[in-house]
Amino acid sequence: MLYLFRMSLMGLHFILAGSLGLLLGLCRPFNPDNSRLCARLYAWPAMCILRLRVKAEVGPLMDKPESCVIIANHQSNYDLFVFGNVVPRRTVCIGKKSLKWVPLFGQLFWLAGNVLIDRGNPHKARRSMLTTTHTLQHKDTSIWVFPEGTRNLGEDLLPFKKGAFQMAIAAGVPIVPVCVSSYIKHMRLNRWNSGKILIRSLPAIPTAGLTMDDMPRLIAQCREQMRECIAHMDRQLQAA
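Under full-length UniProt numbering, the letters of the sequence shown match residues 1 to 240, in that order.
Just so you know, these hints were derived from the structure itself, not from any lab. These figures come from a predicted structure and were not determined experimentally. Be careful, since some hints might not be right.
[Claimed, not checked] In silico DSSO-like pairs for lysine-lysine, Cα to Cα no more than 30 Å straight-line:
| # | residue 1 | residue 2 |
| --- | --- | --- |
| 1 | K55 | K96 |
| 2 | K185 | K97 |
| 3 | K139 | K196 |
| 4 | K55 | K185 |
| 5 | K185 | K162 |
| 6 | K139 | K185 |
| 7 | K185 | K196 |
| 8 | K97 | K162 |
| 9 | K55 | K161 |
| 10 | K161 | K185 |
| 11 | K162 | K100 |
| 12 | K139 | K162 |
| 13 | K162 | K96 |
| 14 | K100 | K185 |
| 15 | K96 | K185 |
| 16 | K161 | K96 |
| 17 | K139 | K161 |
| 18 | K139 | K97 |
| 19 | K97 | K161 |
| 20 | K139 | K100 |
| 21 | K55 | K196 |
[Claimed, not checked] Pair by pair, the computed Cβ-Cβ distance ranges are:
| # | residue 1 | residue 2 | range |
| --- | --- | --- | --- |
| 22 | I15 | D140 | 19 to 25 Å |
| 23 | D214 | P65 | 16 to 22 Å |
| 24 | M62 | Q221 | 20 to 26 Å |
| 25 | G11 | R188 | 29 to 35 Å |
| 26 | Q238 | L20 | 34 to 40 Å |
| 27 | W192 | L237 | 38 to 44 Å |
Even glycine gets a Cβ: it sits at the ideal position worked out from N, Cα and C.
Work out the full structure: start from the sequences and follow the hints.
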């Protein structure tokens, strides 16, 4: 019963937050700070409705360089509400083109200046990547990417795709990993207190001077650091 009540409230919240976010996007379309404000609109009320306790240790993320590539593990659709608590200023996200057609959210996502990629069209995908590289180099804006490309459902990290690392190397900007604990396996939405979540950002990893030949090593380094961080946070929560 509690679960159904929460899902009803979440549905109403999704519509209300989407409407307010769309209004914001229409008032200042494609402003790169729209994403942060809209993320908060979704995240703060959702955490109250779901009764999820989020502890964020994200000093390196808040102190990030003006332009960087932020990479995060991707567990479920709830990531929108969980990571929305820590999206830094002037940060846009990369998403698949089909998101554009999700009522309210899709139009908001587009107006917030986020990048929509047509994964089924390699030419358009490459052109979008070139656009994001220019954004990183010249517009003091960061890009948030889920390098796994799809949800891992709280299991081990999936193999990382190359796009985020190609952008970072091409633009010469650092990579900032952001990790969230394996919350989707332990979240209990039919209880009053649904669970605890840890979010932690890792120190920026520089890419200046790297070439595409260095990309496999860079991907392995980022993935291993994130795996260790997620495992450590999971052990912390289990011990508590």
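A quick look at each hint next to the structure:
Taking the CA atoms of K55 and K96, the gap is near 29 Å; set against the 30 Å cutoff, the hint holds. For the proposed pair K185 and K97, the alpha carbon gap of about 28 Å is at most 30 Å, so the pair holds. Pair hint K139 plus K196 does not hold up; C-alpha atoms about 36 Å apart against a cutoff of 30 Å. Distance hint between K55 and K185 is fulfilled; the C-alpha atoms sit about 17 Å from each other, no more than 30 Å.
A hinted pair counts as satisfied when its Cα atoms are at most 30 Å apart, and K185 with K162 qualifies at roughly 27 Å. Between K139 and K185 the alpha-carbon distance is near 38 Å, which puts this suggested pair outside the 30 Å criterion. Proposed proximity of K185 and K196 is supported: the alpha carbons are some 11 Å apart, at most 30 Å. Restraint check for K97 and K162: satisfied, since their Cα atoms lie roughly 18 Å apart, inside the 30 Å limit.
With a CA separation close to 28 Å, the supplied pair K55 and K161 stays within the 30 Å bound. Taken as a hint, the K161 and K185 pair is honoured in the structure, with Cα atoms around 24 Å apart against an allowance of 30 Å. With a C-alpha separation of about 23 Å, the suggested pair K162 and K100 falls inside the 30 Å cut-off, and the hint holds. Between K139 and K162 the alpha-carbon distance is near 23 Å, which keeps this suggested pair within the 30 Å criterion.
A C-alpha spacing of about 15 Å is found between K162 and K96, which places the hinted pair at or below 30 Å, so the restraint holds. For a cut-off of 30 Å, the pair hint linking K100 to K185 stands: about 29 Å separates their Cα positions. In summary, the hint linking K96 to K185 is supported, as the alpha carbons are separated by about 25 Å, within the 30 Å threshold. Distance check on the hinted pair: K161 and K96 sit about 14 Å apart at the alpha-carbon level, within 30 Å; holds.
Between K139 and K161, the direct Cα distance comes to roughly 25 Å. Compliance with the 30 Å bound is thereby established for this hinted pair. Restraint check for K139 and K97: the C-alpha separation of about 23 Å stays at or below 30 Å, so the hint holds. A C-alpha spacing of about 17 Å is found between K97 and K161, which places the hinted pair at or below 30 Å, so the restraint holds. Restraint check for K139 and K100: satisfied, since their Cα atoms lie roughly 23 Å apart, inside the 30 Å limit.
With a C-alpha separation of about 8 Å, the suggested pair K55 and K196 falls inside the 30 Å cut-off, and the hint holds. Range check, I15 to D140: Cβ separation about 33 Å, and the 19 to 25 Å hint is violated. Take D214 and P65: their Cβ atoms lie about 19 Å apart, and the range 16 to 22 Å holds. With their beta carbons about 22 Å apart, M62 and Q221 fall inside the hinted range of 20 to 26 Å.
The hinted window of 29 to 35 Å between G11 and R188 is violated, with their beta carbons roughly 20 Å apart. Hint check: Q238 to L20, Cβ distance near 38 Å, so the stated range 34 to 40 Å holds. A hinted range of 38 to 44 Å for the beta carbons of W192 and L237 is inconsistent with their spacing of about 18 Å.
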